[in-house]
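Dock chains B and C against the given chain A, drawing on the hints supplied.
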Amino acid sequence: MSANSYTVAELADRFGLVAHGDAARVIDGVGTLAGAGPSQLTFLSNSKYAGQLAGTRAGVVVLREADLAQCPGAALIARDPYVAYATIAALFEHLPAAPAGIHPSAVVASTARVSPSASIGPCSVVEADAVIEDGVVLGPHCVIGEGCVVGAQSRLVARVTLVTRVTLGKRVLVHPGAVIGSDGFGLAFDRDHWIKLPQLGGVRIGDDCEIGANTTIDRGALDDTVLEEDVRLDNQIQIAHNVTIGAHTALAGCAAVAGSAKIGRYCMIGGNAGVLGHLELADRVTITAKSLVTHSIREPGEYSSGTPLQENRQWRKNAARFKHLDDYARRLAALEKDSSNE
Amino acid sequence: MSANSYTVAELADRFGLVAHGDAARVIDGVGTLAGAGPSQLTFLSNSKYAGQLAGTRAGVVVLREADLAQCPGAALIARDPYVAYATIAALFEHLPAAPAGIHPSAVVASTARVSPSASIGPCSVVEADAVIEDGVVLGPHCVIGEGCVVGAQSRLVARVTLVTRVTLGKRVLVHPGAVIGSDGFGLAFDRDHWIKLPQLGGVRIGDDCEIGANTTIDRGALDDTVLEEDVRLDNQIQIAHNVTIGAHTALAGCAAVAGSAKIGRYCMIGGNAGVLGHLELADRVTITAKSLVTHSIREPGEYSSGTPLQENRQWRKNAARFKHLDDYARRLAALEKDSSNE
Amino acid sequence: MSANSYTVAELADRFGLVAHGDAARVIDGVGTLAGAGPSQLTFLSNSKYAGQLAGTRAGVVVLREADLAQCPGAALIARDPYVAYATIAALFEHLPAAPAGIHPSAVVASTARVSPSASIGPCSVVEADAVIEDGVVLGPHCVIGEGCVVGAQSRLVARVTLVTRVTLGKRVLVHPGAVIGSDGFGLAFDRDHWIKLPQLGGVRIGDDCEIGANTTIDRGALDDTVLEEDVRLDNQIQIAHNVTIGAHTALAGCAAVAGSAKIGRYCMIGGNAGVLGHLELADRVTITAKSLVTHSIREPGEYSSGTPLQENRQWRKNAARFKHLDDYARRLAALEKDSSNE
Numbered sequence: 001m002s003a004n005s006y007t008v009a010e011l012a013d014r015f016g017l018v019a020h021g022d023a024a025r026v027i028d029g030v031g032t033l034a035g036a037g038p039s040q041l042t043f044l045s046n047s048k049y050a051g052q053l054a055g056t057r058a059g060v061v062v063l064r065e066a067d068l069a070q071c072p073g074a075a076l077i078a079r080d081p082y083v084a085y086a087t088i089a090a091l092f093e094h095l096p097a098a099p100a101g102i103h104p105s106a107v108v109a110s111t112a113r114v115s116p117s118a119s120i121g122p123c124s125v126v127e128a129d130a131v132i133e134d135g136v137v138l139g140p141h142c143v144i145g146e147g148c149v150v151g152a153q154s155r156l157v158a159r160v161t162l163v164t165r166v167t168l169g170k171r172v173l174v175h176p177g178a179v180i181g182s183d184g185f186g187l188a189f190d191r192d193h194w195i196k197l198p199q200l201g202g203v204r205i206g207d208d209c210e211i212g213a214n215t216t217i218d219r220g221a222l223d224d225t226v227l228e229e230d231v232r233l234d235n236q237i238q239i240a241h242n243v244t245i246g247a248h249t250a251l252a253g254c255a256a257v258a259g260s261a262k263i264g265r266y267c268m269i270g271g272n273a274g275v276l277g278h279l280e281l282a283d284r285v286t287i288t289a290k291s292l293v294t295h296s297i298r299e300p301g302e303y304s305s306g307t308p309l310q311e312n313r314q315w316r317k318n319a320a321r322f323k324h325l326d327d328y329a330r331r332l333a334a335l336e337k338d339s340s341n342e
Numbered sequence: 001m002s003a004n005s006y007t008v009a010e011l012a013d014r015f016g017l018v019a020h021g022d023a024a025r026v027i028d029g030v031g032t033l034a035g036a037g038p039s040q041l042t043f044l045s046n047s048k049y050a051g052q053l054a055g056t057r058a059g060v061v062v063l064r065e066a067d068l069a070q071c072p073g074a075a076l077i078a079r080d081p082y083v084a085y086a087t088i089a090a091l092f093e094h095l096p097a098a099p100a101g102i103h104p105s106a107v108v109a110s111t112a113r114v115s116p117s118a119s120i121g122p123c124s125v126v127e128a129d130a131v132i133e134d135g136v137v138l139g140p141h142c143v144i145g146e147g148c149v150v151g152a153q154s155r156l157v158a159r160v161t162l163v164t165r166v167t168l169g170k171r172v173l174v175h176p177g178a179v180i181g182s183d184g185f186g187l188a189f190d191r192d193h194w195i196k197l198p199q200l201g202g203v204r205i206g207d208d209c210e211i212g213a214n215t216t217i218d219r220g221a222l223d224d225t226v227l228e229e230d231v232r233l234d235n236q237i238q239i240a241h242n243v244t245i246g247a248h249t250a251l252a253g254c255a256a257v258a259g260s261a262k263i264g265r266y267c268m269i270g271g272n273a274g275v276l277g278h279l280e281l282a283d284r285v286t287i288t289a290k291s292l293v294t295h296s297i298r299e300p301g302e303y304s305s306g307t308p309l310q311e312n313r314q315w316r317k318n319a320a321r322f323k324h325l326d327d328y329a330r331r332l333a334a335l336e337k338d339s340s341n342e
Numbered sequence: 001m002s003a004n005s006y007t008v009a010e011l012a013d014r015f016g017l018v019a020h021g022d023a024a025r026v027i028d029g030v031g032t033l034a035g036a037g038p039s040q041l042t043f044l045s046n047s048k049y050a051g052q053l054a055g056t057r058a059g060v061v062v063l064r065e066a067d068l069a070q071c072p073g074a075a076l077i078a079r080d081p082y083v084a085y086a087t088i089a090a091l092f093e094h095l096p097a098a099p100a101g102i103h104p105s106a107v108v109a110s111t112a113r114v115s116p117s118a119s120i121g122p123c124s125v126v127e128a129d130a131v132i133e134d135g136v137v138l139g140p141h142c143v144i145g146e147g148c149v150v151g152a153q154s155r156l157v158a159r160v161t162l163v164t165r166v167t168l169g170k171r172v173l174v175h176p177g178a179v180i181g182s183d184g185f186g187l188a189f190d191r192d193h194w195i196k197l198p199q200l201g202g203v204r205i206g207d208d209c210e211i212g213a214n215t216t217i218d219r220g221a222l223d224d225t226v227l228e229e230d231v232r233l234d235n236q237i238q239i240a241h242n243v244t245i246g247a248h249t250a251l252a253g254c255a256a257v258a259g260s261a262k263i264g265r266y267c268m269i270g271g272n273a274g275v276l277g278h279l280e281l282a283d284r285v286t287i288t289a290k291s292l293v294t295h296s297i298r299e300p301g302e303y304s305s306g307t308p309l310q311e312n313r314q315w316r317k318n319a320a321r322f323k324h325l326d327d328y329a330r331r332l333a334a335l336e337k338d339s340s341n342e
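Protein chains in written order, with the UniProt record's numbering: chain A, 1 to 342; chain B, 1 to 342; chain C, 1 to 342.
Bound conformation, chain A alone (with noise of 0.2 Å):
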């Protein structure tokens, strides 16, 4: 599809790579392993996949120097393959077009400030005291709403929706759906009946984050809902009020963070993982998949909760066993009581 193309030797230049084999090979793609054809590359990094080297058709493989000897063809030398595909793969990725200025059936309010650079697409809605910086792209459906600020370069890629107060760093991408600075989720109960508390704060994203389709960014009751820099969120996320997230971190599908969660740098957070508010995480903590984080955590390391999948008959055996966890300890402990005053 692409209309790039680039030689072995082109590429092992442009990235600091060694190449070996045919450097005059051209390449105008990128594959798998197992079904990349004669002009594409791929890549060999996790040693699961080695088994598959011998076979590739690919026309250079970007791998270890340790596998080289494995290569049938061209290959390009790297210390982290996978890191070293990514950059290259950059090349051959083919973005819309977005011609800068405002598409006709945008609607612009007279006081935001539009860069010249930026591309405004179809039915994109900017409002009043927007603020959109240069070379930013809005695909169509966007809403900007009051004082909202986009920094340069960043991609909403369409039906973005950035409420108020929000103010989004440079080479920020968002995907389609996702609402930033939506009122947070403050209630106070007055005897019979609920009141609102206005969400009077905002939401600052670090350069370089990545929020998911359909993730949901609540601004801050009085203070800021914070995303460090290169925060990368995956879809349909919920992050509440006022939580802050460190640089760095990644979330992966359908996690929650409750409000005023302090969430630390280099953090991983599993799929449909959860956060209880008010809990401090510390840098680089690794929650597994669907676990509920009910305590802060102070050291670095990997966290789970919940129980192993099983064939439901013999699971609902146990599961019913569960509820009688506390009687049974005693029960062993008096066991153990007992055979020891024999």
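Keep in mind that a hint or two might mislead.
Straight-line C-alpha distance at most 27 Å; calculated DSSO-like pairs for lysine-lysine [what the hints assert, rightly or not]:
no. : chain 1 : residue 1 : chain 2 : residue 2
1   : C       : Lys323    : C       : Lys337
2   : A       : Lys48     : B       : Lys262
3   : A       : Lys323    : C       : Lys323
Covered by chain C, per the in silico footprint, the following chain B stretches (three or more residues, Cβ under 8 Å) [said to hold, decoys possible]:
no. : stretch
4   : 15-24
5   : 76-85
6   : 94-105
7   : 154-165
8   : 324-333
Hints in this document: simulated from the structure, not taken from any laboratory.
In this text, all values refer to a predicted model and were calculated from it rather than measured experimentally.
Note that beta-carbon positions come from the ideal geometry of N, C-alpha and C, so glycine has one too.
Frame of chain A, contents of chains B and C only:
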């Protein structure tokens, strides 16, 4: 509401069922056993509701022959009354008018190919090289990204986004807020920060699939994410990149499937259940609600994880004991050894 | 930011509170105990923060009489400082201007009835026979389907979709990305494929409800899905067809309720908790985060499921033992029997 009406005899004829009782009765709608009136059709499928049959005021009841004796009025005999009801009830569904043609507020790229019989709703956007086949209905606020294909007779109810390299089969029904073809969550960690892996694959959705509201389906990293025909996804489901879901499999609300998992045909995944990445599930596997699948499943059957609901005070005691289960098991074995040595 | 300002005496008067200290002080905003400045109001409700009171720089503090002695400046005495704060803070909320009338980019069907006092935002679509009552604000990109009713003074912040047969009461607040009235997930299995059950019911939402961002509420199969008044739904909640939720019940983010479940009044459902289909929950039931309700609950109280978070290595050992819990229980009983026989 519906202008449609049919006699019991006409319904019997049209759907190949045997009528009993007043075959000339006119039916103009459907209702529940308890709520249907004399011009409405209802059904009895679940024996749990058999007690309501004698008292029903419905004009006609779709039921099994065995239940006929208890039916106070007209009846239509069906092998599977639920299936027969589903088919008949479609007669009484009112879909909003969707006139062929492009609404003046829609934005359609000059290189898009839109069938003259398709209906493109208000504010919908169809980008370059997209293909909209015969009889397709795009409701308001849909975005069809560059090069996407919407198969004949498909209906995108409203505000559906197809990002890029998405192909929908025929008669696919997509509910509002769904995002198909968003970037997979692919990241490589480069010493102290993340690098994004370009997501160069697409999404292929088979004929007769249904995609729920606010569901997200990412496109593949290199190969495609695939749903075979007649896959049924409820609301707020997350399908990660390179997942494959076999034909006739259904996922209930808030289920999530991680990257490169391969789910078989005729599977049933319960609400908020999760499947970890790279796993394989055989055909006809059922996963109960909120379970987490942590290993591949080779045999058909029903699988579960989790613990039962209890009153919180009792649950706390048991949950605290869970943290020592390994210790208890060892102590139990030690006691048994002692006991057998005596 | 806000142009609004009030003296402490004016606030006392307006909200029926007793002022202490400098009643002439001018207040023009709100802040936290730790962060509020001399022209801002704050509050002390949770005793956890009592230590911050002596050091606060806030212009006035809303607090209980018992805490007055520790307050360094002006104070307003309230029986429930959190509720009083919520009410006062609303004075300082700035909502975007929403001028009455229909934005030129909106698309309103000729048969829709739109109150002259309603505000229809950019690119919003109001379809045939819809009713938009007095003082309603539809932000940008809302879609109001055929025949839907939006009650007086309701506010749909942006990009809200009401599909069909949806009625919102008065003062309903709906956040971006919410989808109300989408098809319920009703399927009948016909030998080797699925048949869709038409979803012929609607959705009725009571007065003063709040619906979070990207939340989905399906319409009923035959009868309606119902939220009584003052129900509060956080973000990314899934409400299936024919669910009923009693007045004043609140659900936290990512909770899900399956089809035909009936939840009582004044319930609290924690984040990512689930309720299976056809269950009934009494009034004043609390479900803790991530719990799964698998049976009806007849008594008020707090209920939970799940296991506690542990360091992964220890958790793995315990989780592996869970698979044998039934066996352990039997062996424990056998040992007890042996022991009592000795």
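Structure-based check of each hint:
{"no.": "1", "hint": "C/Lys323 x C/Lys337", "in the structure": "holds (24 Å)"}
{"no.": "2", "hint": "A/Lys48 x B/Lys262", "in the structure": "holds (18 Å)"}
{"no.": "3", "hint": "A/Lys323 x C/Lys323", "in the structure": "holds (14 Å)"}
{"no.": "4", "hint": "15-24", "in the structure": "violated (count 0)"}
{"no.": "5", "hint": "76-85", "in the structure": "holds (count 4)"}
{"no.": "6", "hint": "94-105", "in the structure": "holds (count 4)"}
{"no.": "7", "hint": "154-165", "in the structure": "holds (count 3)"}
{"no.": "8", "hint": "324-333", "in the structure": "holds (count 6)"}
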